[in-house]
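**Student:** Read top to bottom, the protein sequences are chains A, B and C. So the number in my numbering is just where the residue sits in the first sequence, counting from 1, plus 1. So the number in my numbering is just where the residue sits in the second sequence, counting from 1, plus 1. So the number in my numbering is just where the residue sits in the third sequence, counting from 1, plus 1.
Be aware that a few hints might be false.
Simulated crosslink set (SDA-like; lysine to any residue; CA at most 20 Å straight-line) [as the list claims (entries may be wrong)]:
(1) Lys92(B) / Ile151(C)
(2) Lys73(B) / Val40(B)
(3) Lys92(B) / Glu42(A)
(4) Lys92(B) / Glu36(A)
(5) Lys247(C) / Ile262(C)
(6) Lys99(A) / Lys267(C)
(7) Lys92(B) / Gly211(C)
(8) Lys96(C) / Tyr85(C)
(9) Lys52(C) / Leu167(C)
(10) Lys267(C) / Asp227(C)
(11) Lys99(B) / Lys267(C)
Chain B stretches covered by chain A per the calculated footprint, using a threshold of three residues with CB under 8 Å from any CB of chain A [said to hold, decoys possible]:
(12) 19-29
(13) 33-42
(14) 49-55
(15) 111-123
Counterexamples of contact, computed for chain A against chain B with all Cβ distances above 10 Å [said to hold, decoys possible]:
(16) Glu24
(17) Arg62
(18) Ala185
(19) Gly187
Quick caveat, the hints were computed from the structure, so don't treat them as lab data. We treat Cβ as the ideally placed atom computed from N, Cα and C, and that holds for glycine.
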Amino acid sequence: MPADDRTEREESLFEAPPLAEQERMVEAILFASAEPVRVAELNARMPHGCDAAEALALLRRRYQGRGVQVVKVGEAWVLRTAPDLGFLMQKETVETRKLSRAAIETLAIVAYHQPVTRAEIEEIRGVSVSRGTVDQLLELEWIRFGRRRMTPGRPVTYVVTETFLDHFGLESARDLPGLKELRAAGLLDSRPLPGAPSEDDEAGEDGQSDMFEDES
Amino acid sequence: MPADDRTEREESLFEAPPLAEQERMVEAILFASAEPVRVAELNARMPHGCDAAEALALLRRRYQGRGVQVVKVGEAWVLRTAPDLGFLMQKETVETRKLSRAAIETLAIVAYHQPVTRAEIEEIRGVSVSRGTVDQLLELEWIRFGRRRMTPGRPVTYVVTETFLDHFGLESARDLPGLKELRAAGLLDSRPLPGAPSEDDEAGEDGQSDMFEDES
Amino acid sequence: MAETEPDDFFAEGPARDDPVAARRAAEALIVDVEGFEGPLDMLLTLSRTQKVDLRKISVLHLAQQYLAFIERATALRIELAADYLVMAAWLAFLKSRLLLPPEPGDEGPSGEELAAHLAFQLERLEAMRQAAAQLMARDQRGRDFFARGIPEDVTRVRRVRYTATLLDLMQGYARIRTRDDFRPYVLDRDAIYTMEEALERMRGMIGYAGDWVALSTWLPEGWELDPARRRSATAAHFAATLELVKQGALELRQGESFAPIQIRRKGG
């Protein structure tokens with residue numbers, strides 16, 4: 002057997018392995034990893050000539066309705082247990098530190114308004130954001146620094162991460178619950194106080210459409 | 002959905018879930034567990050009335066020939082990637098590094114003066130040659146041992162290899178540019194030392210051809 | 002978005018325009034003031050007492066409720082964070098704008114515009130609360146779904162490939178050759194006298210060493226002056242001497258440390 006494998010692998014330098022075999026490979030790689038793996042990395046690890054995306058599509062179909070599912074997180078793929086079986090996993094359940102109300106709201110604001118500056122978060126919540134709140138979210142790796150806003154002072158912005166998407170089982174930030182409705186209702190606009198000078202209005206909206214639209 | 006699950010779970014207190022469902026459960030538990038799981042534990046974690054052993058047998062069959070296998074470890078069960086796919090779990094990174102100055106100089110001396118002893122290399126470079134440098138060149142298969150010199154101590158000599166010629170795109174070591182060309186290319190200081198006879202160009206080339214004769 | 006308002010903060014609210022109820026509400030807020038995340042949060046809570054869609058809210062009434070609360074707090078000498086007072090000042094201004102007709106030539110936004118903005122802020126905050134609740138209600142990793150429990154490490158095999166170009170090689174060689182003011186190419190062997198050479202030479206000369214002679218006088222011609230050459234020749238001849246003594250062809254003596262070494266032919 003091992004000899005056979007070797008031959009097969011050597012051959013694969015010239016010809017890609019059959020798709021069923023590629024599917025096995027994607028399966029093995031995804032099983033081995035607790036964290037999402039990008040298609041590019043799959044391709045890099047599989048023999049030359051493989052098409053990880055195609056093999057992945059097969060694998061997804063195969064795992065439909067199973068106890069384990071192939072899940073997309075951002076641009077990467079990962080296996081997760083089916084959420085309806087969570088009750089079996091008391092042993093594996095990790096007690097997460099309870100987030101404060103401020104932290105949860107700040108997280109939601111970053112997710113729905115990203116990229117968003119601290120000033121904007123404060124404006125939406127109507128209170129100043131404590132350093133600890135932001136730090137906690139950064140530490141959880143649920144938010145990270147985005148690009149600086151091209152407005153006076155060039156403030157940093159915050160965006161949500163792939164870890165965030167992974168934690169909440171989201172394929173992308175566009176899949177946030179109610180996002181469309183919120184946007185349609187104009188509730189994600191940054192609307193300045195009438196009469197108040199605001200240069201960063203334009204930039205804010207630009208940044209936002211950047212974030213969500215270049216994907217669709 | 003969650004409501005449904007609950008109903009199902011409550012029902013399951015009285016009636017075991019269908020076997021296909023039990024198989025999903027075993028799959029999820031084995032997947033998420035940090036260590037091999039015994040059948041007794043599977044039964045303990047699954048709803049009342051389940052037959053983990055039977056579900057496990059189904060699962061094993063399902064994973065036959067897949068990229069992942071259900072494997073027995075002692076009395077417990079675990080999911081493992083198929084052994085023939087182990088090569089996917091390696092990530093080879095090739096790092097290209099410049100050869101150190103000492104190695105390049107040593108290599109140049111071997112190339113221009115072969116066959117040459119270590120003592121001669123040291124004499125030409127004016128510093129001692131570390132074992133590591135020579136070993137590195139030997140390992141790269143750019144130099145190899147030549148014939149021993151017929152002088153006291155019978156020191157080994159070094160010559161360059163085919164691999165060396167390949168790497169540098171040379172047909173033979175004689176194609177190495179001579180001192181004249183080096184000088185013309187501005188690589189060699191053109192001012193001759195007072196008293197230093199310029200015939201040493203000739204000598205150089207002579208010496209070189211001398212040295213190569215015993216090879217061909 | 003706003004169909005299911007969580008009413009975790011406020012119980013039954015008073016009807017509009019009921020001053021007694023307004024005061025009671027203000028008192029209820031005072032008990033709770035620690036629990037609010039700032040004035041906007043408090044306004045949002047107050048707005049729920051109106052039991053209407055946030056878009057139809059009476060901002061004027063809201064402002065009055067808020068100002069009643071501030072008044073009450075001041076009367077009770079409760080210390081409020083500065084932003085509550087800033088909000089109070091702003092709402093007082095808004096109230097006057099809403100109640101008084103605009104003065105001719107008055108610049109700036111109208112009371113209605115300001116009120117609309119406040120309503121927008123409240124609606125947005127409310128929407129974010131809802132969104133946060135929905136987010137947290139999602140299946141979460143480590144609670145509802147799980148990652149692989151025994152991840153297999155990817156072993157990283159790092160291979161280093163060394164490269165050099167022909168140019169590197171030539172430059173390297175040129176560097177050596179131009180070092181020390183261009184040392185001549187030929188191997189620099191002229192200051193070295195080997196033991197073999199010395200042995201050969203001495204064998205030929207042994208016959209003349211019938212009596213004790215200083216070794217130093219045996220050095221070949223041209224090797225006595227230059228120190229490097231003299232050192233090499235001396236060493237070579239001394240080693241050759243030892244070899245010849247071992248073979249029983251020569252005798253060797255030295256009067257004291259560092260005295261000249263003398264040799265003579267052995268036997269005869």
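**Student:** Starting from the hint list further up, note which numbers the structure goes against and sort them upward.
**Tutor:** 6, 7, 9, 10, 11, 14, 15 and 16
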